[in-house]
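Visitor: In order, the protein sequences belong to chains A and B. Under UniProt numbering, residues 1 to 226 are what the first sequence spells out, in order. Under UniProt numbering, residues 1 to 419 are what the second sequence spells out, in order.
No wet-lab data here; the hints were simulated from the structure. Keep in mind the model is a prediction, meaning the values are calculated, not measured. Accuracy of the hints is not assured; some may be wrong.
[Stated by the list, open to error] Derived coverage of chain A by chain B (criterion: at least 3 residues anywhere in the stretch with Cβ under 8 Å from a Cβ of chain B; other residues may be distant):
1) 64-73
2) 107-116
[What the hints assert, rightly or not] Ranges of calculated distance between the beta carbons of each label pair, as one might list FRET restraints:
3) LYS9(A) to THR293(B): 55 to 61 Å
4) GLY63(A) to MET15(B): 43 to 49 Å
5) ASN284(B) to GLU77(A): 43 to 49 Å
6) LYS123(A) to ALA289(B): 32 to 38 Å
7) LYS123(A) to VAL296(B): 40 to 46 Å
8) VAL414(B) to GLY63(A): 34 to 40 Å
The beta-carbon is built from N, C-alpha and C at its ideal position, and this holds for glycine as well.
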Amino acid sequence: MNSVILEAKHIYKQFYDPVKFDVLKDINFQVKAGEFVSVIGKSGCGKSTLLYILSTMDTDYQGELYVDGKKMTGLKEKELAAVRNEKIGFVFQFHYLLNEFTVLENILLPARKLAKKPEAALKDRAHFLLKTLDISKLAEKNPRQLSGGEKQRVAIARAMINEPAIIMGDEPTGNLDKRNSEIVFSTFQQLAQEFNQSLLIVTHDPEFAERTNRIIEMEDGRIIRQ
Amino acid sequence: MSKPLVIKIAYALLMARWKQTLVAAIGVTFSITMFIALLSFMTGLNKLLDGLVLNRTPHVRLFNEIRPDSIQPVQQAAEYKSHYHIIHSVKSGKSRQEIYNSGAIMQRITQDPRVLGIAPKITSQVFFNEGNLEITGVVYGIDVEAETRLFFFTDYVVKGQASDLKNVANSIILGKGLADKLLADVGDVVQLTTSSGEQFRLKVVGHFQSGLQELDKTQSFASLNTVQKIMGKPNSYVTDIQVKLNDINQAPKLAKEFNKVFEIDAEDIQTANSQFETGTSVRNIISYAVGITLLVVAGFGIYNILNMMIYEKMDSIAILKATGFSGKYVNRIFIMIALGIGIFGGLTGLLMGYLLSSLIDQIPFNTAALPTVTTYPINYNPVYYFIGSAFSLITTYLAGYFPAKKASRVDPVVIIRGK
Numbered sequence: 001m002n003s004v005i006l007e008a009k010h011i012y013k014q015f016y017d018p019v020k021f022d023v024l025k026d027i028n029f030q031v032k033a034g035e036f037v038s039v040i041g042k043s044g045c046g047k048s049t050l051l052y053i054l055s056t057m058d059t060d061y062q063g064e065l066y067v068d069g070k071k072m073t074g075l076k077e078k079e080l081a082a083v084r085n086e087k088i089g090f091v092f093q094f095h096y097l098l099n100e101f102t103v104l105e106n107i108l109l110p111a112r113k114l115a116k117k118p119e120a121a122l123k124d125r126a127h128f129l130l131k132t133l134d135i136s137k138l139a140e141k142n143p144r145q146l147s148g149g150e151k152q153r154v155a156i157a158r159a160m161i162n163e164p165a166i167i168m169g170d171e172p173t174g175n176l177d178k179r180n181s182e183i184v185f186s187t188f189q190q191l192a193q194e195f196n197q198s199l200l201i202v203t204h205d206p207e208f209a210e211r212t213n214r215i216i217e218m219e220d221g222r223i224i225r226q
Numbered sequence: 001m002s003k004p005l006v007i008k009i010a011y012a013l014l015m016a017r018w019k020q021t022l023v024a025a026i027g028v029t030f031s032i033t034m035f036i037a038l039l040s041f042m043t044g045l046n047k048l049l050d051g052l053v054l055n056r057t058p059h060v061r062l063f064n065e066i067r068p069d070s071i072q073p074v075q076q077a078a079e080y081k082s083h084y085h086i087i088h089s090v091k092s093g094k095s096r097q098e099i100y101n102s103g104a105i106m107q108r109i110t111q112d113p114r115v116l117g118i119a120p121k122i123t124s125q126v127f128f129n130e131g132n133l134e135i136t137g138v139v140y141g142i143d144v145e146a147e148t149r150l151f152f153f154t155d156y157v158v159k160g161q162a163s164d165l166k167n168v169a170n171s172i173i174l175g176k177g178l179a180d181k182l183l184a185d186v187g188d189v190v191q192l193t194t195s196s197g198e199q200f201r202l203k204v205v206g207h208f209q210s211g212l213q214e215l216d217k218t219q220s221f222a223s224l225n226t227v228q229k230i231m232g233k234p235n236s237y238v239t240d241i242q243v244k245l246n247d248i249n250q251a252p253k254l255a256k257e258f259n260k261v262f263e264i265d266a267e268d269i270q271t272a273n274s275q276f277e278t279g280t281s282v283r284n285i286i287s288y289a290v291g292i293t294l295l296v297v298a299g300f301g302i303y304n305i306l307n308m309m310i311y312e313k314m315d316s317i318a319i320l321k322a323t324g325f326s327g328k329y330v331n332r333i334f335i336m337i338a339l340g341i342g343i344f345g346g347l348t349g350l351l352m353g354y355l356l357s358s359l360i361d362q363i364p365f366n367t368a369a370l371p372t373v374t375t376y377p378i379n380y381n382p383v384y385y386f387i388g389s390a391f392s393l394i395t396t397y398l399a400g401y402f403p404a405k406k407a408s409r410v411d412p413v414v415i416i417r418g419k
């Protein structure tokens, strides 16, 4: 269980507005299967920028990125979308559920896109995830009716639906109160322990980071400790 | 599996803003309705007006034109062959209006598979005598049955019976205007003088109204035999052969062919009535232009609404892209939304257009010129419904194209970080 899920090799990135500015400088690291990694650093140190590059959504960088052993750098938009669909699950600071669909349909959306299993199997998986995350009763509700913590757990369930290689989170607890943060954190921990799920979470909360397997600390676009 | 998901997402987005969707769809519905109603009514009217002339006009008319011989004797003389001929004061030859060997020609033409039927006709100039007044007029000798079958003769007989022309000896049907001048009702007797000076008395068995008043003031109809009798001609005498074809577009070709084969003047309907076709096409162009303008306006409405929807749904687009929906897929979702509006609005428009045109069809429309028409004419041509639905799809597709492109280019990183 020590295969490398995510690998960054010599990643550089610049912003050109208003003047040329190096956001990321020579980023090298690996995430192995089953690891629960957190990225911390001060605001503006480039940790979110790094996450979006790792997530394949941002393609404007130098260096090489591998997800599940496959090189991502240079792939087309459509191919990257397929990789995100199958291999990567996302949890954002704001919940980004689609209000037009019920909770269950929100969770099913990436799975229906992937369409590798029959509808019934997908529904079973969605219900199983809802049950695991203790939100079964919310299945038929509209996302508007949910609390922040509940929404975030639905977002986690959506991230898990395609059994991704890695789940990435951008300050998933940044917008939540103490109690809900705790629930979300323990959910992540549960995923790591029960399903051996790899997780890469960007946070500015040192308490949250302390409790993960490994901390990557960034400063001024460089990794200073990992 | 992939297609229904596109539709499902598009439907959900549509329903989230169903009031806007409805307004957009109503725009399409309205324009399609007007497009259908306008074209049905316009072409109905066109058909009616064209019918005034075209129904009564043979597709090919065979006749003998009086004119000078195209080959003069001097040109045939061998000794002057190499000379340049200048002939002064050429006169029309001793040609007759009668069609030579008309029986054989008619038999031959009737057997042609391209021909629907023929109707022989005699034109004769006469004077109608009313007291000491002499009114110039024309008597057409016609075969009532053929004329009715091919040129809807009975439709235009407004009083009396067309068949009496054949059944009653020495009978005549007068044009409405002519009958008014002569004060001749059905059953009365009119007196006429032929160009050779002989006088005849004919019984009026009906009134005729073509819709073209000038014609109705001069023309009248009698049977072939009656006209042959008053002109003192044998019963093979015919001045015109009117040919109706199965396909009107073949008229110019056949006219040329008949001209060559029978050595006779042949005129096709396109040459004789070119101005009617011009009028028809201009009216059609106007109707299409108005209909398409309406659709384009509706298209801009859809464009607006979709653009607004994209700004509102930025977050949703970003999350769709983040969870693995490609730009192309997002593009398809928005095209689907536009087409959804187009299909829904278009179908309702077709239905409403049909209802509106059948409503117009019920409005009374009485005019002295058109005895057979009682309500406004409508042309229920399925082609317009087809064009209407095609146009509604095309315009909505185009209206959705640019917003969809914009949606597909949304950068999820910008949206997600921007919060």
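Visitor: Work down the list of hints and note, for each, if the structure agrees.
Guide: Verification of the supplied hints:
For the region 64-73 of chain A, the stated coverage by chain B is not satisfied: 0 residues place a CB nearer than 8 Å to a CB of that chain, which falls below the threshold of 3. Only residues whose C-beta sits within less than 8 Å of a C-beta in chain B count toward coverage, and the region 107-116 of chain A has 6 of them, enough to reach three; the restraint holds. In this structure, LYS9(A) and THR293(B) meet the distance hint of 55 to 61 Å, their C-beta atoms being roughly 59 Å apart. The hinted window of 43 to 49 Å between GLY63(A) and MET15(B) holds, with their beta carbons roughly 44 Å apart.
Distance hint check: the CB atoms of ASN284(B) and GLU77(A) are about 47 Å apart, consistent with the given range 43 to 49 Å. In this structure, LYS123(A) and ALA289(B) break the distance hint of 32 to 38 Å, their C-beta atoms being roughly 53 Å apart. At roughly 45 Å, the beta carbons of LYS123(A) and VAL296(B) sit within the given window of 40 to 46 Å. Between VAL414(B) and GLY63(A) the CB atoms are about 21 Å apart, so this pair departs from the stated range of 34 to 40 Å.
Of the numbered hints given earlier, the model fails hints 1, 6, 8; all others are met.
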